[in-house]
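Visitor: Keeping their order, the protein sequence lines are chains A and B.
129 is the number that our numbering gives to position 129 of the first sequence; each next residue is one higher, with no gaps.
Positions in the second sequence are counted from 1; adding 1000 to them yields our numbering.
Careful: at least some of the hints might be erroneous.
Unchecked claim - Over the 10 angstroms line for every Cβ pair with chain B, so calculated as not near, a few chain A residues:
| # | residue |
| --- | --- |
| 1 | S151 |
| 2 | L346 |
| 3 | F362 |
| 4 | F436 |
| 5 | R603 |
Unchecked claim - Each pair of labels, with its calculated beta carbon distance range:
| # | chain 1 | residue 1 | chain 2 | residue 2 | range |
| --- | --- | --- | --- | --- | --- |
| 6 | A | E293 | B | A1025 | 36 to 44 angstroms |
| 7 | B | A1040 | A | A253 | 42 to 50 angstroms |
| 8 | B | L1023 | A | I599 | 16 to 24 angstroms |
| 9 | B | G1016 | A | G527 | 47 to 55 angstroms |
| 10 | A | I539 | B | G1016 | 19 to 27 angstroms |
| 11 | A | G527 | B | L1023 | 29 to 37 angstroms |
| 12 | B | A1040 | A | S440 | 35 to 43 angstroms |
Said to hold, decoys possible - So these bits of chain B aren't anywhere near chain A, every CB distance computed over 12 angstroms:
| # | residue |
| --- | --- |
| 13 | G1007 |
| 14 | L1012 |
| 15 | I1015 |
| 16 | G1016 |
| 17 | G1018 |
| 18 | G1029 |
| 19 | A1049 |
| 20 | P1052 |
| 21 | L1055 |
| 22 | A1058 |
| 23 | M1063 |
| 24 | G1067 |
| 25 | A1071 |
Note that these hints are calculated values from the structure, not bench results.
Only a predicted model underlies this, so the values are computations on that prediction, with no experimental measurement involved.
Built from N, CA and C at the ideal position, the CB exists for glycine as well.
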Amino acid sequence: MNVPMLPVQIVGLKADLHLVLHVLRRAACVHIDELAETPEIAARPLALDRETLRQQEQLGVLVARIDGLLKTLGDRTSTEPSAGDGACLDAAREGVEELLPEVQALVSRRDSLQAELLSLPRYESTLRKLLPIIPASAHRPENMTVGALVSRAHVGILDLIGRRVVDLTAGRAEVIASDVDAATRAMLIVFPAEFAADIEGVLGREDVSRLRLPAQLGEGPPDIMLEKLQRRMSDISHELSRIETALGELAGAWSGRLARWRTILSDEIEANSILSSFGETDTTFVLAGWVPETEYQRVRDMLTDEVGETLYIEPLRMTPERRERAPVQLKNPAPARPFESLVSLLTLPRYGHIDPTRLMAFFMPVFFGMILGDVGYGALLIVLSLFLRRKLRKGVARDVVVVLAMGAGWAIVFGFLFGELFGTLGEEIGLHPLWFDRASAEHVSALLIMSLVVGAVHITLGLILGLFEALRDRSRSHLLERGGMLLGLVSLFFIVAVAVDYLPRGLMSPAIAGLIVGIVLLGSSLGWLGVIMGPIEFIGLVGNVLSYLRIAAIGLASVYLAKVANDVAGAVGTLIVGVIIAVLIHALNLVLAAFSPTIHSLRLHYVEFFRKFYEGGGRPYRPFRSTIE
Amino acid sequence: MEVVDSGIGPGLIAIGAGLAVGLAAIGTGLAQARIGSAGAGVIAEKPEALGPIILLVAIPETMVILGFAVAAMVLLLGG
């Protein structure tokens, strides 16, 4: 049901503004409207003072920094005790100033080491290619070694360089070249150190890039450089793990506190943001909002006690315009509450109109059970959903899991009625249907009729509710439309009942008359187009009832898939292979059994049932309160 | 002259029922493919539209259910 709401207006002195804000936040039940949404209040929008704006900016920067730190250190649920707002702001500022440079230094060092570690393996593979051609002279202290790798297509350049180097050093250099793979030729030049600049010049002129290693590794022959390189890579790994340990220790010491600060500061930012919804005169502020009727006296008492007589709070008259804007809070008994998420998934009901949650809480699990109708699958789904329920916190997913468990309960009930346990396996172990075996050819008609009867009842109930809504809203067009549909549909039921000899033949004429009157009423609600649209709409209504045949169709598909699993298991020669195949097909069927009945039951509600009466588009009730638990 | 039942009748009934469901299923599939792909795009931009999108995707399923109803009638009344 919709919780009754009271529109209220609060007027006070600007000097009390922050105190009022504090009290309203603690009251946690006042939904504050934007000033622009309440044109009947003649006040200009409240302009935030310089101090509040400055504080908002500071808080925003601080929260952004805390977010950055938490991203690096890892977010975690806070177990820290709460501090007062002012104390929290100071503590957060000091804490962030202390922590930020340390974390930034560690992260910066980690990033540069990771980049270096990524680049070093490339040098390692190149150096390994040069290892086989290192001459003994490369290890003499007075010599330098330069390596180069050239594509074999340009091998002539290497010969040219070799000749020039030997000429330049008067034969004191040693040049070794060798193919290292199918595409590359490597060259090592070992020469006295005093020729370093000249050799660089020769290589530069021929546009050959010498192999350059990171400066911190120094110079030397390839085998020595390879050793240094491997040592460096190992050092980097050790340093990275030391940095990770340091960050982990910081996370352990700070993450909880940071998360707590962020929650408190974000809450503070949000509290200040609500001020933009207020109005002001030179000395007063004004706000308009909504309070649940049952909470009004409590809010009034709190404000009067803490702010005093200078505050004025009054309930406003509920005009039709205000009723249109009223926020919606659904209130249902605990078993029906998970279905609120499913109703809201479409759209919230408008204030003062029917909340279909309880109806959905009854019909949806029953439809699910009728579609699935299997003791085995139902039991497995209950176990699965109870397991998932423990894993999930609050939210739509958890609500869907609870709905699934309820549906699975009804699936067990219908499983006994249809005599099904993993399809036809129940029959093998002596489980007989208490009602009828829906999989047998002679009972298919009964199954179809059952589905249609369920559809007829559901749609008729929807139309009765729609009629009630139309009467309450005094909507002539809705009254004609839904009344016409209801009359036509009930008349059609009579016609069918007479046709199959359930009712006496004498009722046929009044039933046909009722059908015609119903279609005429339906058409008249649509204006002159109703001449064509009336009959079409009525055919659509019959289609809505036929749509409930999906209960039979999807149920049969599930039974036959289970039967296939059991038959295949029996047909395969080997027992183990047969069992494995059967388990796999049953597992597939179980997954389909979790999704398909849920989606189709949901659709039967959204499309067939709700359209007959549901007035959606309600605004959610969002009371102004602290987000800190 | 003796009339021999060729046995083609039950086969034709079965084919008719199969066509009723199969063609309706193809129609539903084509419609759902278009709505589904557009709907996935909408949900990516606006996750709160999940409810209406489920509704839109589910609407063409009526076709295959009506196909099933026709097939059931063909089998039950014609067989």
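Visitor: Which numbered conditions among the earlier hints are violated in the structure presented, ordered from lowest to highest?
Guide: 2, 5, 6, 9, 19, 20, 21, 22, 23, 24, 25
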